[in-house]
Amino acid sequence: MQLFKEDPRDDKRKSHCEGEKDGSAEKKKQIFMLLKPESPKPRSRLYEGNITPTKKKCCNCRNSRCLKLYCECFAHSWDFKAKWCIGFPISRRLRSPPSSQFEPSSFSMNPHHRRSPEYNALLLAGPRLGPLKQAHARLVVAGHGSSLPLTTKLATLAVAAGAASYAHLLAATHPAPDSFLFCTLTRSAAHRGLPAAALTFYRSLLTAALPFSSFAFTAVAKACADLSTLRVGMAVHAHAILLGFGSDRFVQTALVVLYSKCGQLAVARKLFDAIRDRSVVAWNTMISGYEQNGLAERAIEVYKEMQMAGEAPDSATFVATLSACAKGCALDLGREVERRIVSERMDMSVFLGAALVNMYVRCGLVNKAREWFDKLQERNVVTWTSMIAGYGMHGHGHEAIKLFHLMRCEGPPPNDVTFVAVLSACAHAGLVSEGRDAFATMKSVYGLVPRAEHYCSMVDMYGRAGLLDDAMQFIHDSIPGEPGPEVWTAILGACKMHKNFNLGVEVAQRLIALEPENPSHRVLLSNIYALSGKMNHVEKVRNTMIKRRLKKQIGYSLIEIGGIAHLFRMGEKSHPQTRDIYQYLEELIHRITDAGYVPETDSVLHELEKEEREFALRYHGEKLAVAFGLMMSAGSTAPIRIIKNLRICGDCHLAIKYMSVVENREIIVRDKHRFHHFKDGKCSCQEYW
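Heads up: the sequence shown begins at 634 in the numbering used here, then just goes up one per residue.
Because the hints were derived from the structure by calculation, they are not lab data.
Worth double-checking, as some hints may not be accurate.
In silico DSS-like cross-links for lysine-lysine, where the CA-CA straight-line distance does not exceed 30 angstroms [as the list claims (entries may be wrong)]:
(1) 960 / 1035
(2) 1315 / 1001
(3) 1076 / 1305
(4) 960 / 1315
Model the full structure from these sequences, guided by the hints.
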């Protein structure tokens, strides 16, 4: 099993050990062996000082090899040589006392220090650099400059004040710094949002060959996670295993966070499974890891495992689970979590409230989201932004603008993400004037510098409204530098929508030059050529895609029935009820055809062969998912909820409008850009999508 993604730099790295092969294969093998849970020796054998077990030579060789590997990883990441550690005798390098000898009580302050005026001045200084320096001067004058407990307190307060360099100077210039000093500073820096400083203190521990503690590894793993430095994190992990802390549950939990944030979910899950006594923090870490990496279904599975294990969730568990429900449109589970929050009378924090609002917004119940929004006693900028974005996604542009004005009067100042939500709402509702005003307010009133997302939203707003000339003028006049691909993609979609073929071809060629390996640009260009009747150009584009081995992203539609997600692709036949689904869909198409439905053949992918078009049009994933949902909920009046990973095609949009009439049901489709509420033959997007 390959634990980590390959890195081309591994081939350039030279080994520091004699007899070791060049290249990355041997190195990865050693890292894998080192990270196996059963690989480290018992801690007692690592802390015997001169290491005098029965097989002294073998153990010494093993520890030397592990430490060389660790030092090489860490030295490569920090760009300094590891010979300072490799050259020392192994007994000196590994002489680290067992955890029983590493007690904070041994570093407790002398009662005289706690009663001294200098110490009182230190406490009064607090985490402010100026008063801290004055207190430091008083300590030196009073003869306490070399007091290790007072130096530890002073340096810790300096880190809290954000002066990590001053804290490091205090620690480095102390005549006899100890492990507790550097471990405390490492932990303080990591939890104060100074991850680079935490790694600096950790390196000082290495340089001084001082003992380590579990909370030092926990802190430095958190620092690596905050910096997303996988290579340094791997070295820290190896070092923790080498010193016997690999099975510490707090260290394991911190490493799960590290690998999750670095995208190495397989390693994170392996470490999570190895934790014997999992705390609620460990469960929350794994749920958040899957959710933040876009694996909502896996996050929900872990939450269910947690319930089966009998672990009581806390508010952080519910926040992560609700976020996963929002991404996976798991409305039933989201409602279950809501009931638990209410029944257990859990404190409604601002984060939990924002998660509930976001869950209902993303699951299509914008009115329910507004109910929770109005109930919240405290709302932060995330809560306001989620509600504004929800109105925009559901096509309620005017409500989004009203809420934005209310936020400016009663809520916190909007940030750049808030303005992305406002501009997107204006784009999906055709509110061009309001969008212009919001963009101007962003710069003139709040002093926010527009990012690529803001420019893209403005271009999208002009393009959807058919103001292609205004969109091009905005690109030339307002966007500094060369516009990115996302801006030209918005223009290209508008050109296809409004059948501006000449501009569409020009923009598509720009996009292909910027991203030659992105197949979606060539697919849009092919469709534009086909709509304009230039079938020879369609064939050329298709042949180029085949030659370059470019494939269009596969679309799928997802529907949840009874807590189980069912996925449908175009022409899906792997479902166990395929025959019944196809039969129901055929009957449904006959009924909507009698009601006036005429297929939109322009929506068929023009790169398909002629004989494939009818099949592709009739059995799109959206239609199959809707048919399955209607078949499984016959007699119900509850809405059918579908998730589409791409933009819904024009023919499916038209067909579902007719389906909502003949079945007398509301059908909600969440595609890549927005929500579509189909009811009584109408869509909430008002054909503006």
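Against the structure, the hints:
Pair hint residue 960 plus residue 1035 holds up; C-alpha atoms about 26 angstroms apart against a cutoff of 30 angstroms. Proposed proximity of residue 1315 and residue 1001 is supported: the alpha carbons are some 22 angstroms apart, at most 30 angstroms. Proposed proximity of residue 1076 and residue 1305 is supported: the alpha carbons are some 29 angstroms apart, at most 30 angstroms. For a cut-off of 30 angstroms, the pair hint linking residue 960 to residue 1315 stands: about 26 angstroms separates their Cα positions.
No hint from the list above goes unmet by this structure.
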